[in-house]
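Enquirer: Here is what each chain is made of, one letter per residue.
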Amino acid sequence: MTPQFTWEAMSFLSQYGMLLDQDRLEDWVQLFDPQAEYKVYSRENEELGLPAPLIWCDNRAMLSDRVQSYRNVNEHNFHWARHIIGMPQILHAEPESLHFQAGYSLFQTNLEGETRTFSVGRYDFVCHRHAQALRLQRAWVIADTGLVKTLLAAPI
Amino acid sequence: MRIDWPQNDYSRVPYSVYHDPDLYQLEMERVFRGRCWSYLAFEAEVPKPGDFRTTWVGDTPVVVSRNDDGQLHAFVNRCSHRGAQIVREVSGHCKTDHVCIYHRWCYSKKGELIGVPFRRGLQGQGGMPADFDMQAHHPKALRLANYHGVLFGTFSEDAEPIESYLGEFGTGMIKRFMHKPIKILGYTRQLIEGNWKLYAENLRDTYHASLLHEFFVTYGVDRATQKGGVRMDDRHRHNMNYAFSQSDTQTQAQEAYAGISGVELDRMRLSDQKILAYRHEFADGLNLATPTFFPNAIIIQINNSLSSRQIRPKGVGAHEIFQTLFGYEDDTPEMTRHRLISANLVGPAGLVSMEDGEAIEIVQKATRRETASHSLVQMGGLGPIRDLEHRVTETPIRGFWSYWSELMGMEPEGGIR
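Chains as they are written, first to last, in my numbering: chain G, 1 to 156; chain Y, 1001 to 1417.
For the record, the hints were derived by calculation from the structure and aren't laboratory data.
Be aware that a few hints might be false.
Within a straight-line C-alpha distance of at most 30 Å, the following computed DSSO-like cross-link-like pairs (lysine-lysine) qualify [as the list claims (entries may be wrong)]:
{"no.": "1", "chain 1": "Y", "residue 1": "Lys1140", "chain 2": "Y", "residue 2": "Lys1227"}
{"no.": "2", "chain 1": "Y", "residue 1": "Lys1095", "chain 2": "Y", "residue 2": "Lys1180"}
{"no.": "3", "chain 1": "Y", "residue 1": "Lys1274", "chain 2": "G", "residue 2": "Lys39"}
{"no.": "4", "chain 1": "Y", "residue 1": "Lys1274", "chain 2": "Y", "residue 2": "Lys1110"}
{"no.": "5", "chain 1": "Y", "residue 1": "Lys1314", "chain 2": "Y", "residue 2": "Lys1183"}
{"no.": "6", "chain 1": "G", "residue 1": "Lys39", "chain 2": "Y", "residue 2": "Lys1183"}
Given the sequences, and given the hints that come with them, work out the whole structure.
Expert: Here it is in structure tokens:
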């Protein structure tokens, strides 16, 4: 495993988290392939071998629909998000694709400055190279925090 | 303790009911340990002898366990010795007995105390008094009823038989959902910082559905102009919101929603429509059916997503919504996939359900210092509580309070039932 892959995965995760934290969700969607899958599910279900997700988009159009609904339709608790993403572990690397995992913590801060831990868990991402950059083919977000506080509207 | 109901038809609800810690303690006794049945779990979650699952009745931890003879039992998850939790896993399979880790007291799969280490002492020293009777120290057992695969429990010897408790309405709806063996698809959990009764009311408030959950109307999933209504049992404790898909016209809906701020009919379109796809699967033709069961449960069908939700009170100011998603044993892999895609609509991240968490929390926050004031519950009319052939109503909320007050012994003079 060359340091190059780790560095690439780290840069990608840093961009992924920053776009979410800056509420640039439309740009975040562009990190995905048109056929990419985005799935958020609990570690509880994963360990029970049960398939129920919290969010499951099996292509980028569905993900865009989610973001559009978030922007225009769904009511949610006003907050800022902050993702703290750990060092990725490269599981598989080829010249054109990269499979890696990383732990994340997601904090929510309300508009009066009060912060709570909203979700911790891990990313399991498969990316491939597209025009020099990495793009997601599969993004699984496995939340240890299966107990969702209030509601889950913005993506993790 | 009493409640000052401003009206005898429960069209005014004092805010103190969401905040008073003494009232909360009383309702854990009089409602959750009173003469009603609480939803525990599905039988499909404990299919084999030895299987168990932990659940809650109010804020009492309960174990549902299947004995070697196949019988189901429910008992309080507390060791008779020093009060420790007996079962610590959320669910699982017990090979021999349930053993409390603290002093290794041993409980059968029926929830009976069957073993006390060093009971006779060691070498003539120590041990329990000679007359210690294990039979007198079983954990508290619940009466358990298995109604077509849905498990209910009660602490009360006086609770009526489950069929009569559920009534024609509830038994009919359970048979509808459980008409063939179900398959558990998984769980979601949501922690809402609000009193548990705000959720129970929310489930009985069909008025809010197409307004708070704007997705319904914006993407044309459900709108109040569709043919539908609300039904209740004779005692108005259980209720249901129902609707038939595509039973209204575009013109009717446009006229109805014209001018409502924040809700605009068919304003947007999904680029991927499969999340809204509905495959006809029930003989009654309903694509929305939401029977609630007093005090703590609902079974929800929204299109082809099927689930139960259990209200788990966590003190006076919070509750967990524990959702169990299911399909049927004979679903094809493709149908299971469709149900899981439909499940994007429900749960804590559900496109037509997430808002309940926020709505309840902002009520809890804003009413904390206004406990002498009250809410208004009169959409759909005042006075008698009855079924309606429309959904612009909050009447079932009044039904909830009527039965709750009866159990609590806090009915107003001449309180309607």
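Enquirer: Could you run down the list of hints and mark each one as holding or not?
Expert: These are the hints, each one checked on the structure:
{"no.": "1", "hint": "Y:Lys1140 to Y:Lys1227", "in the structure": "47 Å, violated"}
{"no.": "2", "hint": "Y:Lys1095 to Y:Lys1180", "in the structure": "29 Å, holds"}
{"no.": "3", "hint": "Y:Lys1274 to G:Lys39", "in the structure": "16 Å, holds"}
{"no.": "4", "hint": "Y:Lys1274 to Y:Lys1110", "in the structure": "46 Å, violated"}
{"no.": "5", "hint": "Y:Lys1314 to Y:Lys1183", "in the structure": "29 Å, holds"}
{"no.": "6", "hint": "G:Lys39 to Y:Lys1183", "in the structure": "21 Å, holds"}
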